[in-house]
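A.B. asks: Listed below, chain by chain, are the residues.
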Amino acid sequence: MVQRGTIDLWVGVFAVIGLGALLFLALKVANLTSIGSGVQSYVVYADFDNIGGLKVRAPVKAAGVLVGRVESIALDTKTMRARATLALNSEYRFSKDVSAQILTAGLLGEQYIGLLDGGDEVQLAAGDKIDITSSALVLEDLVGKFMLSFAEKPTNSTE
Amino acid sequence: MCLLGGYMYNETDYKPFIELKNVSFSYGTKPILQDISLSIPQGKLVAIMGGSGCGKTTLLRLLSGQVKPQSGSVWVDGCEVNRLSDRDLLALRRRLGMLFQFGALFTDLNVFENVAFPLREHTQLPEAMIRDLVLMKLQAVGLRGTANLMPSQLSGGMSRRVALARAIALDPALMLYDEPFTGLDPIALGTIAVLIRRLNDALKTTAVMVTHDVHVSLNILDYVYFIAEGRIVAQGTPHEVRVSTDPFVRQFVQGEADGPVRLHYPAADYAAELGLKQ
Amino acid sequence: MPDLLYPLRRVGHLVVEGVWRFGFAMRFLFLLLINSLQTLQRLPLLIREIYFAGVLSLLIIVVSGTFVGMVLALQGYTTLNSFGSTEALGTLVALSLLRELGPVLAALLFASRSGSAMTAEIGLMKATEQLDAMAVMGVNPIARVLAPRFWAGVVSMPLLAAVFNVCGIVGGYFVGVVMIGLDGGAYWSQMQSNVDLHYDVVNGVIKSVIFGVAVTLIAVFEGVNAVPTAAGVSGATTRTVVTSALVILALDFMLTAFMF
Ligand SMILES: Nc1ncnc2c1ncn2[C@@H]1O[C@H](COP(=O)(O)OP(=O)(O)O)[C@@H](O)[C@H]1O
Ligand SMILES: [Mg+2]
Numbered sequence: 030m031v032q033r034g035t036i037d038l039w040v041g042v043f044a045v046i047g048l049g050a051l052l053f054l055a056l057k058v059a060n061l062t063s064i065g066s067g068v069q070s071y072v073v074y075a076d077f078d079n080i081g082g083l084k085v086r087a088p089v090k091a092a093g094v095l096v097g098r099v100e101s102i103a104l105d106t107k108t109m110r111a112r113a114t115l116a117l118n119s120e121y122r123f124s125k126d127v128s129a130q131i132l133t134a135g136l137l138g139e140q141y142i143g144l145l146d147g148g149d150e151v152q153l154a155a156g157d158k159i160d161i162t163s164s165a166l167v168l169e170d171l172v173g174k175f176m177l178s179f180a181e182k183p184t185n186s187t188e
Numbered sequence: 363m364c365l366l367g368g369y370m371y372n373e374t375d376y377k378p379f380i381e382l383k384n385v386s387f388s389y390g391t392k393p394i395l396q397d398i399s400l401s402i403p404q405g406k407l408v409a410i411m412g413g414s415g416c417g418k419t420t421l422l423r424l425l426s427g428q429v430k431p432q433s434g435s436v437w438v439d440g441c442e443v444n445r446l447s448d449r450d451l452l453a454l455r456r457r458l459g460m461l462f463q464f465g466a467l468f469t470d471l472n473v474f475e476n477v478a479f480p481l482r483e484h485t486q487l488p489e490a491m492i493r494d495l496v497l498m499k500l501q502a503v504g505l506r507g508t509a510n511l512m513p514s515q516l517s518g519g520m521s522r523r524v525a526l527a528r529a530i531a532l533d534p535a536l537m538l539y540d541e542p543f544t545g546l547d548p549i550a551l552g553t554i555a556v557l558i559r560r561l562n563d564a565l566k567t568t569a570v571m572v573t574h575d576v577h578v579s580l581n582i583l584d585y586v587y588f589i590a591e592g593r594i595v596a597q598g599t600p601h602e603v604r605v606s607t608d609p610f611v612r613q614f615v616q617g618e619a620d621g622p623v624r625l626h627y628p629a630a631d632y633a634a635e636l637g638l639k640q
Numbered sequence: 410m411p412d413l414l415y416p417l418r419r420v421g422h423l424v425v426e427g428v429w430r431f432g433f434a435m436r437f438l439f440l441l442l443i444n445s446l447q448t449l450q451r452l453p454l455l456i457r458e459i460y461f462a463g464v465l466s467l468l469i470i471v472v473s474g475t476f477v478g479m480v481l482a483l484q485g486y487t488t489l490n491s492f493g494s495t496e497a498l499g500t501l502v503a504l505s506l507l508r509e510l511g512p513v514l515a516a517l518l519f520a521s522r523s524g525s526a527m528t529a530e531i532g533l534m535k536a537t538e539q540l541d542a543m544a545v546m547g548v549n550p551i552a553r554v555l556a557p558r559f560w561a562g563v564v565s566m567p568l569l570a571a572v573f574n575v576c577g578i579v580g581g582y583f584v585g586v587v588m589i590g591l592d593g594g595a596y597w598s599q600m601q602s603n604v605d606l607h608y609d610v611v612n613g614v615i616k617s618v619i620f621g622v623a624v625t626l627i628a629v630f631e632g633v634n635a636v637p638t639a640a641g642v643s644g645a646t647t648r649t650v651v652t653s654a655l656v657i658l659a660l661d662f663m664l665t666a667f668m669f
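Chains as they are written, first to last, in this note's numbering: chain A, 30 to 188; chain B, 363 to 640; chain C, 410 to 669.
One or more of the hints may lead you astray.
Said to hold, decoys possible - Each computed EDC-like pair below joins lysine to aspartate or glutamate, with the alpha-carbon atoms no more than 20 Å apart:
#	chain 1	residue 1	chain 2	residue 2
1	A	K90	A	D76
2	A	K84	A	E150
3	A	K158	A	D76
4	B	K377	B	D584
5	A	K57	C	E530
6	A	K57	C	D661
7	A	K158	A	D78
8	B	K406	B	E591
9	B	K430	B	E442
10	A	K57	C	D592
11	A	K84	C	D592
12	B	K406	B	D584
13	A	K84	A	E100
14	B	K383	B	D575
15	B	K406	B	D575
16	A	K90	C	E496
17	A	K90	C	D605
18	B	K566	B	D547
No lab work stands behind these hints: they were computed from the structure.
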């Protein structure tokens, strides 16, 4: 029979190791201070003609710095455009005429939203809509355009 | 009279400590006990004898309330066991000690903790008093020296004596012994038999012992019931048993291979099965 | 004539039996829960069982976790290298472990190390009438024997999974940074910017808690329902490991579909 004291000691060690591991995961791996986990954020909207392969929780970056995440994506049935809801870190403020662009990390990497700050004095507030947007590059459309330009019959299939 | 409330026992002049009235019990559709009636007075050591698998253990389980009869009633100390609420049953079981066939010591506790188990679970006694009580009980079965051993380090006879010490830890009013002699060498067997008798005399416990060992037990018993095929087929004091002319009792006591209890399990005709008979 | 309907009947039989067992297990879970109050008030009982369920599994969890992380890093490196994005190695290792491999593998290891031991122990206690003896002494075996083991498993499982994850991530670091020579800063920073506390870490912990409940429930259930013979107990032990593995994988599929 293992002694009572030994058991207590080992269970204590186990608890410390286990909780330490959880803490490590929270602090060192997930970086508790990053967006979306208890950090103050504000929500803005952006409408796109085509979001391509953008996913919920995709990063929102400004000058390559992570400033927020895509919270949800929905189709606006009136305009038939995609509406992305972005949660931005409250630390970062942008001007009202900021532009949003769907970009791809690397050639085949995941898609994210890039923000390019404008010159307006007025700041973008929570609940505002980003007016200047440009859609994702869809590879098939690109190839299609390319082929059609060869046929010298430019039709605007994607407006 | 039942101290736990509930069902009172009413007869005034004769008060058996245990009484079974027309008890029948079956596991599923398999009848085990049929229409058993018996009564055991306070302070007596009574044995239930019968072959293996005839339902002796089941009878003890009825007394301890682990199983309930399909018909009839089981009375222990004025309480109808099969109708007690869970709480009252628990209270009754605290006054009951049971020695299991193979001791049933808790394998993860040492001898001392095994005997201390009922004390720790049911009393708030200080550690020093628990220690004294445990050592007293172990001394009573002659195994005080084994207090720090694990059950796996004990021989069969020693395990059963430790189990006995554990069963009497709370000074039970009723002791149930399930085949206390099986698988013991003659010396260990004699030791257990003496302990059981001495316990009964010293503590005035009522005891029911299930066994198929006739010769040792007849020396310590007050009364015997014989069970075969789920029914009581004979009963009497040890002296009556020894001189009995009942064929079943004779077969049991003499250990004869064939008699009212058949040697052969029921089967088709032997010659026919060997193909010797058309 | 061969019985053509036999396979069909067999399947039907298995399904019916599965549903029965599931129903019994749920009723048993209910019994465990209503008898848990006493257990949680008696800390020494719980601590003892955490020792057997958790501490004794620690070594195998640490070793397996480290190796799984190292293999992940090695395989991940060769794949990522051909896309020129080896800096994502930290993310790959951390996300694989946190979301799937950590909870699932830790639970599988736990089932075969502690779950089987629990079943065997309880089965033997039943076979040697220890549980009956306890009941006859007026002590409820569910509260005294089963509930502490159940809770010990539920408490230990997420801790073991967390240890598994950390060992894996450190193992991945060892292979990726120390052995292959990738940039250590990139390993951690890429991981940190792509791993989300709520989405990845907390969901992984929730998974492992659910696996802990499932595995210990199966282990304890098989133990008390073991046929009280040597063959019965060994059969129950095998069933614990097999059923646990299937249930873990099925639950993991459902939880993943639900969470991510
Ligand atoms: N839990 C059970 N379920 C079904 N049958 C049982 C159970 N326990 C015992 N039996 C059967 O009941 C019969 C009597 O068992 P038992 O009372 O243990 O006999 P014994 O006289 O040897 O102690 C046996 O044939 C046994 O197979
Ligand atoms: Mg028996």
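A.B. asks: Next, verify each hint and record whether it holds.
C.D. replies: Checked hints:
no., hint, verdict
1, K90/A <-> D76/A, "holds, 17 Å"
2, K84/A <-> E150/A, "violated, 31 Å"
3, K158/A <-> D76/A, "holds, 8 Å"
4, K377/B <-> D584/B, "holds, 17 Å"
5, K57/A <-> E530/C, "violated, 39 Å"
6, K57/A <-> D661/C, "violated, 25 Å"
7, K158/A <-> D78/A, "holds, 15 Å"
8, K406/B <-> E591/B, "violated, 25 Å"
9, K430/B <-> E442/B, "holds, 11 Å"
10, K57/A <-> D592/C, "holds, 17 Å"
11, K84/A <-> D592/C, "violated, 28 Å"
12, K406/B <-> D584/B, "holds, 6 Å"
13, K84/A <-> E100/A, "holds, 9 Å"
14, K383/B <-> D575/B, "violated, 26 Å"
15, K406/B <-> D575/B, "holds, 19 Å"
16, K90/A <-> E496/C, "holds, 18 Å"
17, K90/A <-> D605/C, "holds, 16 Å"
18, K566/B <-> D547/B, "violated, 28 Å"
This entry does not satisfy hints 2, 5, 6, 8, 11, 14, 18, going by the numbered hints stated previously.
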